[in-house]
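Asker: Here are the chains, one letter per residue:
Number of protein chains: 4
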Amino acid sequence: MPKEMFLETIQSPGISHLSYIFGHQGQAAVIDPRRDCDIYQQIALEHQARITHIFETHRNEDYVIGSTELQRRTGAEIHHGAALEFQYGLPVRAGDTFRIGNFLLRVLETPGHTFESISIAVYDQDYDEKRPILVFTGDALFIGDVGRTDFFPDRKEEVAGLLYDSIFSTLLPLGDDVILCPAHGAGSVCGHGMAAREFSTLGYERRNNPVLQYTDRDEFIRYKVSESHERPPYFKKMEEFNQNGDVPSMPAVPQPPSMTVEQFAERMEQDLQAVDVRSPEAFGGCHVPGTLCIPLNMLPAYAGWFLDHDRPIGLILESSADLPEAMRHLIRLGYDRVEGYLGSGLTAWESAGRAFRTVPAVHVCELAERIDNGEDLVILDVRSASEVREQSIEHAIAIPLGELPNRLEEIPRDTPLATFCGSGRRAMIAASILQRNGFQNVSDALGSLAAVMSISCKELLPTGD
Amino acid sequence: MPKEMFLETIQSPGISHLSYIFGHQGQAAVIDPRRDCDIYQQIALEHQARITHIFETHRNEDYVIGSTELQRRTGAEIHHGAALEFQYGLPVRAGDTFRIGNFLLRVLETPGHTFESISIAVYDQDYDEKRPILVFTGDALFIGDVGRTDFFPDRKEEVAGLLYDSIFSTLLPLGDDVILCPAHGAGSVCGHGMAAREFSTLGYERRNNPVLQYTDRDEFIRYKVSESHERPPYFKKMEEFNQNGDVPSMPAVPQPPSMTVEQFAERMEQDLQAVDVRSPEAFGGCHVPGTLCIPLNMLPAYAGWFLDHDRPIGLILESSADLPEAMRHLIRLGYDRVEGYLGSGLTAWESAGRAFRTVPAVHVCELAERIDNGEDLVILDVRSASEVREQSIEHAIAIPLGELPNRLEEIPRDTPLATFCGSGRRAMIAASILQRNGFQNVSDALGSLAAVMSISCKELLPTGD
Amino acid sequence: MPKEMFLETIQSPGISHLSYIFGHQGQAAVIDPRRDCDIYQQIALEHQARITHIFETHRNEDYVIGSTELQRRTGAEIHHGAALEFQYGLPVRAGDTFRIGNFLLRVLETPGHTFESISIAVYDQDYDEKRPILVFTGDALFIGDVGRTDFFPDRKEEVAGLLYDSIFSTLLPLGDDVILCPAHGAGSVCGHGMAAREFSTLGYERRNNPVLQYTDRDEFIRYKVSESHERPPYFKKMEEFNQNGDVPSMPAVPQPPSMTVEQFAERMEQDLQAVDVRSPEAFGGCHVPGTLCIPLNMLPAYAGWFLDHDRPIGLILESSADLPEAMRHLIRLGYDRVEGYLGSGLTAWESAGRAFRTVPAVHVCELAERIDNGEDLVILDVRSASEVREQSIEHAIAIPLGELPNRLEEIPRDTPLATFCGSGRRAMIAASILQRNGFQNVSDALGSLAAVMSISCKELLPTGD
Amino acid sequence: MPKEMFLETIQSPGISHLSYIFGHQGQAAVIDPRRDCDIYQQIALEHQARITHIFETHRNEDYVIGSTELQRRTGAEIHHGAALEFQYGLPVRAGDTFRIGNFLLRVLETPGHTFESISIAVYDQDYDEKRPILVFTGDALFIGDVGRTDFFPDRKEEVAGLLYDSIFSTLLPLGDDVILCPAHGAGSVCGHGMAAREFSTLGYERRNNPVLQYTDRDEFIRYKVSESHERPPYFKKMEEFNQNGDVPSMPAVPQPPSMTVEQFAERMEQDLQAVDVRSPEAFGGCHVPGTLCIPLNMLPAYAGWFLDHDRPIGLILESSADLPEAMRHLIRLGYDRVEGYLGSGLTAWESAGRAFRTVPAVHVCELAERIDNGEDLVILDVRSASEVREQSIEHAIAIPLGELPNRLEEIPRDTPLATFCGSGRRAMIAASILQRNGFQNVSDALGSLAAVMSISCKELLPTGD
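Protein chains in written order, with this note's numbering: chain Y, 1 to 465; chain B, 1 to 465; chain X, 1 to 465; chain F, 1 to 465.
Check the hints yourself; a few may be wrong.
Quick list of the computed label-pair ranges, beta carbon to beta carbon [stated by the list, open to error]:
| hint | chain 1 | residue 1 | chain 2 | residue 2 | range |
| --- | --- | --- | --- | --- | --- |
| 1 | Y | Asp-38 | X | Pro-13 | 20 to 26 Å |
| 2 | F | Asp-308 | Y | Gln-42 | 26 to 32 Å |
| 3 | X | Gln-42 | Y | Arg-436 | 45 to 51 Å |
| 4 | Y | Pro-233 | F | Ala-83 | 18 to 24 Å |
| 5 | F | Lys-236 | Y | Arg-436 | 56 to 62 Å |
| 6 | Y | Asn-102 | X | Pro-13 | 53 to 59 Å |
No wet-lab data here; the hints were simulated from the structure. Because the structure is a prediction, the values reported are computed rather than measured. C-beta: ideal position from N, C-alpha, C; glycine also.
Put together the whole structure using the sequences plus the hints.
Answerer: Spelled out as structure tokens, the structure:
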């Protein structure tokens, strides 16, 4: 048993990151490890395997790569594409091969998303030395989408073309029956239209992936160039980390301490960034004034937009049992400076008689009715540009959530505001940002577009919908 | 190692129930097991011991005893006091002894809380055959309090006197240096004034337990007779279960399924009791109309007041990870009919465009100010009679939470209401009950008395405080 | 998140059984559930999904199917092929479809392994309604092998032909790029040559699966008819269970109690089947006379050969922490009557001064040398017929382990015996059987064939190797 | 709830070390933390408390104190007795007090075991400000024994007298009803006669602790001076660590990697200390030549005798699941240099055809018989001097296990040897040491004294027994 082959997919929810550990005969390789890398060691231990190789499919921009951390712990070699100069690890080139037990891993150069992007094809030498059974495609090819190509704005066409070539000339020719293992799943900021489905093959994608239907190179480039993607400010920091490899060793204090109400309040007056990771409903029901709302499972996607890497963070939790998950999410994004959490949470704050605030929930029907009645009310729609393009709503100012802090002057300060998004969750983040910036009359349209569509709330839908 | 002595205290939070497993040399006894009794088997397994004896210190009234369930699984004998006719198990009398390895367990009759109450003294025969080192006192003697004696209203003095005798003539004479292991800790409905401290000795209690300072028998009786205790309606059901022993085998489906919004809504229109176990803040922020709010960790204390054993229950959770804890709490109280939980919780409900409700949070200072400004506003204080006696607040109608459903007519329907309690948590339960009963204008004074005291909110405190 | 698609493979090691749970949008289906089915409920809970369908790809013969248990807990419908009359569940036929969220499951009839075998093709309707992305193939098609066709000895050719048709006319035409999800992985008794690799596609198998290279129907049949498979006696019991569906509800006492040395010894003299699940080395080092050695991870594969379903079982463990795993293995095979385990294990037995036995380990080189020196020594090779065919060794009597109890008379009683297998593990089971049957001079060639091959021990290899 | 009092005892099995975490109202103190201190942080988190104080009752000699590690993680202050100059932390003196919530911790100076030993009395200020309810006694007073006083050989009487005074003048006068929380439980090398019982009071000890029956100071001193204790060589290293506080931060690689047979064998030829932590039976059944046997749960007690802190360690495990426990045990003793473990354990070694060895088990009756028959056979009894004093056996050479490596020349090399101890477990350690030193004919008397006594094996008992 311990000598058997194993392949496990490790999901990092929120950033929709997929990493892999693959092993055979007591040896293992990890593809794109995250920073909290105990999981890879744990799996290796179960299979009594030694992690000997770490592959990075590209310099990641949406999380801190765990390669150096995992190397520190295991001594494994790190490999990445030769087209970028990394400050650590060893460059690999098309055709380089590595053995893991009786399996062969062969490097493919698949630039486009970035110049140094590589893919790794896996051959089961017991069965077929010529054609792989599986390919790790990084951010080149996803299930239902392809990698974004907007990171080099002045070379847009070039990189889109490179991606076309990587997919159509390097990956798809591996064979229809090759299983696809990409670096992201549905919900990632690294692509739009990824499938909910977690498994696919090159053949299935060739036939069904919408982007792969642009079989004409120029059409493909045109499509990619026309895409718009969000680019959170923390990407820059991640790129630094991931190119230099000077990722700090995993913080020595992964479990920050409890803070009293007094300590927490005092530190907020200084430089503490207070983040409330409870549910949007709980935040709406009662919260500490001045806190930023980012529900726990939205931390990976939104912390990078709004939190400063250089200031300490204070957490407000539903339960202390949520602390480890919050820490994992933050550490993956390089936020190591978590100073503590508010002990006993909101109950402590409320019981201390401290001032608190609420964000009233408002139903979309009520919004519609109030607008219908001529009330002066602004709907602030914080969905992304592409979501708005797909389905706009009436009576709304549209500012994507990430841009909100820099576009506050576009929002009237004397009018009642209802924040709005896909389901009302991002809307609560927006509401917390507005309140921190002095907006007084803010409510959250819980349900938001999902509710509008479910009940066909005509007043909020453009004519013709 | 496996043959060593072990003693573990198993806490069942919420009902503040303490059960014990005690073992030596491969054999073990359990005192007052709860119904979800895997934990005792697990501990026995770790110590490679066989559970051979189960002791019930009395017929419990506040939870379903797990004796028969544990007997079904282990074959252990059940023992209880002879003064009540149980439909199962074997009666024991003062002086009966049992061996667990090299330890001797001796039965003491300690009536008062109930007539059949027993205590069990533990002797380490390797050291002292004459004097025990530890005594399991059931509901006779607690840390900082004694058992309640209000279960036989027409024999009040008699049972209070019995308890006096049990404590002063049977328990305390065991010796000052005997360790005390009671059946409840702080927060139980089985006594008022239990200490937060979880450990004590007979000597320490003799000197410091406030009730034991009534060394005069008549004074002790007078004090006990003057006490008032709450008696949740489910006590009757528990007494039946626990006397007859016909506790259903642990439900075959301890994990009820996910329900869609449509299923949940439809079943609520029929006979489903919907219970929302999220935090008070989340309930206040947004909830399904008609649901009863009982925050998860308050389920043990309040489910028994408001839930019907004969109707199915539907749960609304913060996260599906909370389901096992909710189930444990309910099963301990004999609520086996949990039909399901609302899949994806409030998000699903909101996204479906269904109507929702809120309970606005209001700060005690704002309440004081509004009252000061002459606003017609009613504070509904749902703390217990004894809490109110200890610290009343101004401008309030006081109705203990448990009595609320039967005293709704005492509350004005046309005036804004702010529910109030010790910290605002029970107040949210009250608010949910009011909303279910058609009260329209209900808010919750989060922080409540704790906030009032913290900031010395004079307007809400009686003159002189 | 909770509404996302999920597919998880649940491995039951030892029987190399693979079951699957597949869900989308709050609904889930389970394929070939095992009897200890908490795992499916747990996964469904994490995804807030309700299990609505259970599919059995065929009447399993190597383990107790968990369909009725899972149905009891969830209310899901059970479906199986129409070609066999099951006493429970609903028959399905080719073309029947079921929806799980936005995915379509379509039934394929794929007889051969059994007559009622079905496969289930999965279509992602968001992408391709015509061609599936994945197929659950049960025991029709494995990775690197196909299902065995020896269950109907008088209709051998017929069923082998059916399997050919199922594979070549029904499964492979689904498309090269379809992912394969079979009911067994490497190590199963349901096939010989399964790959260590756990993932494949129809195209990869079409090209590389050795059995699928018999593209000629007659050749394929000839090959299948020539195969030989072992058929443990418990298969009969499993077939009964799995056709009638009268699988007992999961035993009420999944955690049998500790037994003292006296109890264990006394019960062994009566009807207790004592099974020692410690490592072969520990068994060899010291064991209770009369016990059967089956190392823990070999229980799934060998319990069914040697244990009687109608007699109680007593376990001897390395640690009480191993009890849950031992119980899971036994319950999956329908062995519910585990009476207890020897508390404190061998240490207790040894400390009680009871008689014990050993099985000396002997190195293959020493064996060779002794034989070389003319010593009268018998090597008993208990590998399967097919293993022996592949690599025989000199100086050995070959009796497959499963046949050993019935072929003891073929073994000389007065000669020193060294048991031998692939690595020395099955050899220890054999040694325990020999000792129970009065053979006095038994040793175990730890390392066995693996050692012989590693060091090219010429004396034990046939000339020419 | 989160603000409640909590007291948890953390047992470190094997060294029988007891540490404590005590908290109230969001604050916590830890008494004598071990080095793998996640457990304290975990408990603090559950109670939403911040660890603010660490107390060391004395400079420990039997394990690496975790104070500096815990301080690194939490920022808590470290306190120890003023009578020794520590290179870290703050000195405290009799009468110093610290608050943890509403509890008061008062320092008592209780020298004797060491000069700087302190005890800490705990007062519940809600109940009794004058008399404590509990006292942490470190190594001054145990349950059933008192601390050893042999660490200052030239001041024996002085320190024994100090201990007498500490117990009779400082501790016992606190009151009979005070609960006792010592730093060690049964099985520690820090005392002989500790009770199996884990709970006691000062009164109970006063009356029943055998050593406290020496109420005369001189008698007490005489008794203590006459005691003999073992003193493993690693004590010196621990004393250094624990006085200087320069304990390395917890090793960065708590999970050493799998090693192949080749790697392991090669490293053994260099400087690797190979330790086999499987059961004695498994070691006896088959082991790698040259390895030291220390069964997993005996590591804490015996690693310090036989392992060199300056050489790397290689582990041989029953299962990779045992690695974390092995690592914990070793790290607690300061053995940070674990290089790896033998992947797939003995099976891999055997399958590689490598040479292996066994230690035959021999029953005490057989020993007796062989001796009776005049066979030239030596029993090597490795029990401690005090055990031998209590019950000697015939025909044995007695050398305490710890002294074995230095007294090998006392053992005949040409005679069959049977190692012997209390149950045969330490005897296997001895057997492994003998084999490493070239003794050829070594067997282990599994059961040993326990078996002798159980069956009254007269031949091995001195006449008169």
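Asker: Next step is simple, just say for each hint if it's right about the structure.
Answerer: Hints and how they fare:
The hint said 20 to 26 Å for the Cβ distance between Asp-38(Y) and Pro-13(X), and at roughly 23 Å that hint holds. Range check, Asp-308(F) to Gln-42(Y): Cβ separation about 30 Å, and the 26 to 32 Å hint holds. Checked against the hint of 45 to 51 Å, the C-beta distance between Gln-42(X) and Arg-436(Y) comes to roughly 40 Å, which is inconsistent with it. Distance hint check: the CB atoms of Pro-233(Y) and Ala-83(F) are about 57 Å apart, inconsistent with the given range 18 to 24 Å.
One distance hint, 56 to 62 Å for the beta-carbon pair Lys-236(F) and Arg-436(Y), holds here, with the actual separation near 59 Å. A beta carbon spacing of about 21 Å between Asn-102(Y) and Pro-13(X) contradicts the range 53 to 59 Å that was offered as a hint.
Of the numbered hints listed earlier, those contradicted by the structure are 3, 4, 6.
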